[in-house]
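Novice: Letter by letter, the chains look like this.
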Amino acid sequence: MATPHTRERLFLFGLLTPVTLLLGIFFLLPLAVIVIYSWLMPGLYGGVEWEFYHWNYGRLFGWADGVMEIYEPIYLKILLRSLSLAILTVLLTLVLCYPVAFWISRLSPRWQVVFLFLITLPFFTSLVVRLYAWLLILKPSGVLNSTLLGMGLISEPLEILFTRTAVVIGMAYVMIPFMFMPLFASIGNLDRSLLEASSDLGAGRVQTFFKVMLPQTMPGVIGGSVIVFIPSVGNFVVPDVLGGAKGLMIGNLVEQQFLSARNWPFGSALSVVIMAVVLGVMLIYVTRLVREGRAS
Amino acid sequence: MKYLRRLPLSAMLLTFYSLLFFAFIYAPLALIVTYSFNANPVNMMVWDGFTLDWYRIILGLKDRPVDIVNSSSAYLDSTDQLLEALRNSLIIATSTTTISTVIGTSAAIALARFRFRMRGFYRGLMMMPMTMPDIVLGIGLLIFFVSAGAKLGLTTIIIGHCTFLTSYVFIIVQARMAGLDPALEEASADLGANEWLTFRKVLLPQLMPGIAGGAMLAFIISMDDLVITYFISGTDSTTLPVFIFSMVRRGVKPEINAIATLIILVSIIIAAVGLWLRARRKD
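From first to last, the protein sequence lines are chains W and H.
Just so we're aligned: the first sequence equals residues 12 to 307 in the working numbering.
Just so we're aligned: the second sequence equals residues 9 to 291 in the working numbering.
Derived from the structure by calculation, the hints contain no laboratory data.
Treat the hints with caution; some may be incorrect.
[Stated by the list, open to error] So the derived label-pair ranges between C-beta atoms look like this: (1) H:G68 - W:R20: 56 to 66 Å; (2) W:L169 - H:D71: 42 to 52 Å; (3) W:R216 - H:E194: 47 to 57 Å; (4) H:R131 - W:G255: 35 to 45 Å; (5) W:D76 - H:R131: 39 to 49 Å; (6) W:E62 - H:E194: 57 to 67 Å; (7) H:L205 - W:R121: 40 to 50 Å.
[As the list claims (entries may be wrong)] Lysine to any residue pairs mimicking SDA-like chemistry, simulated, CA-CA at most 20 Å apart: (8) H:K159 - W:G58; (9) H:K209 - W:G25; (10) W:K150 - H:F32; (11) W:K150 - H:L39; (12) H:K209 - W:E19; (13) W:K150 - H:T42; (14) H:K209 - W:R18; (15) H:K159 - W:V44.
Where is the CB? At the ideal position from N, CA and C, for every residue including glycine.
Modelling step: build the complete structure from the supplied sequences, incorporating the hints.
Specialist: Below is the structure:
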């Protein structure tokens, strides 16, 4: 008869085997495959040659041999553009959400539930549908231009659609719920008496905000920023719908390499770079959390 | 009004800004809904009277206007394609929800109730799929399936969805697990119940709200996933988001408004019911 101890081990084994197989085979292995592919030679008609090849990264960072693979600064530019776009999205959602989170935190619990529900609701609606709405708003004959023209504020339609501005607007719009929730968690826990103490001691509003409120709510600010930054970096759907050729981002470049250019190794190399950026950000974030956990 | 007058200017500005913020969130959705009833087939911006024709067209109850059929950009070839995509999405979401709920819940129980050497590793592993950009996971699975000689289709999509949705279920069930009292399970064991019986009669009923919440989230995300599905779907396994994505890519057409409105309606109903159930449980 099995002892309780071995029975327990068997139970644990049964609980963990499915997740181990699922994530081992269909998550860790594919990630490893991307890394391997990024160091292989692209085949002539798609596919790969099993040969060590570092020019994929050379094409991106500048040590391409100039014969088989050519260094194009445009790739690096697109990478930097995507990073700055992700940072811009973070800042925009932060500035948009912070006052509203503060406003909701001062409402009665009943109204808080209502407004938090209203913030999360769009998250459950299809992403493509939400972007499509912005297509309708921003196009030359769209709502924004008709309104502004009708009011006589502009004399000819603004060209916003298919620019980087459109991408930032669309990205911020879809990322709002991700920024809002961590932010609200921090601002909701803010000790109101600290703000009162600050103003009693003669600090102005601006000073109270920067010296008391912002430092107190920093965990939410950083948490929200990380959660928004990560999916923004490699996003290809928003630039695809709203960005056009001018708004091309690294995600679109990866998509092209896989679905039209059929250069999988180069696409893999680009993905490895996205992965590295994300892991880097996560690493800094987690170390910070651990350090703060120790300090308190 | 009395209330407003008592408020200092800054508080009024804050309220005003917050209401604007909510208008900003909802105006785009309201716009689609409005347009879906606009009879004007050429320029949606011009209101031409109320109609349900676009709904009739996507449901196959009415043929589309001749000028749209004849134009080269006619693309909603048939209602069948739309229904096929919807059917695929439902099959995928149902299977994915079932599988990832079972696996995610098991993992959450294992990590909460057992101490073992690899615990830290598993905790990190469960977080990883959520932090990995979906495009990376999508192409990783694409290369993997193609090199393994698997045919891209519903099965590959279901597997792909399970890899990241299991993590979502795990997080939610784990949060529920943390609030439970292990003494109840110990009492059950002391009274002679074996692990399985304790699991079924004591742990599972208490975990149920977490499991249901995780399953609901998995279903919604699976129904809406575009990026991973986009890379690993075959030609005959288009899902609803991929279908709409390709429609939007080919240009703005009045039918899209009607489809989008239906999607908004259904997702709002699902989310409202889910959140309402959760709020009621807390009372």
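Novice: Does each hint hold? Answer for all of them.
Specialist: Checked hints:
1. For the pair G68 of chain H and R20 of chain W, the beta carbons lie near 58 Å from each other, so the given range of 56 to 66 Å is met.
2. For the pair L169 of chain W and D71 of chain H, the beta carbons lie near 38 Å from each other, so the given range of 42 to 52 Å is not met.
3. Evaluation of the 47 to 57 Å hint for R216 of chain W and E194 of chain H yields a pass: the beta carbon distance comes to about 54 Å.
4. Evaluation of the 35 to 45 Å hint for R131 of chain H and G255 of chain W yields a pass: the beta carbon distance comes to about 42 Å.
5. Judged by the Cβ atoms, the range 39 to 49 Å given for D76 of chain W and R131 of chain H holds: they are separated by roughly 44 Å.
6. The supplied range of 57 to 67 Å is met by E62 of chain W and E194 of chain H, whose beta-carbon atoms lie about 60 Å from each other.
7. For the hinted restraint 40 to 50 Å between L205 of chain H and R121 of chain W, the CB-CB distance of approximately 42 Å keeps it satisfied.
8. At roughly 16 Å between alpha-carbon atoms, K159 of chain H and G58 of chain W fall within 20 Å of each other, so this suggested pair holds.
9. With a CA separation close to 19 Å, the supplied pair K209 of chain H and G25 of chain W stays within the 20 Å bound.
10. The suggested pairing of K150 of chain W with F32 of chain H holds, with an alpha-carbon distance near 17 Å, which does not exceed 20 Å.
11. Note on K150 of chain W and L39 of chain H: the hinted pairing holds, with a Cα-Cα distance of about 14 Å set against a maximum of 20 Å.
12. For the proposed pair K209 of chain H and E19 of chain W, the alpha carbon gap of about 18 Å is at most 20 Å, so the pair holds.
13. Simply put, K150 of chain W and T42 of chain H have alpha-carbon atoms about 17 Å apart, close enough for the 20 Å limit, and the pair holds.
14. Pair hint K209 of chain H plus R18 of chain W holds up; C-alpha atoms about 18 Å apart against a cutoff of 20 Å.
15. The suggested pairing of K159 of chain H with V44 of chain W holds, with an alpha-carbon distance near 18 Å, which does not exceed 20 Å.
Checked against the numbered hints given earlier, the structure breaks only hint 2 and satisfies all the rest.
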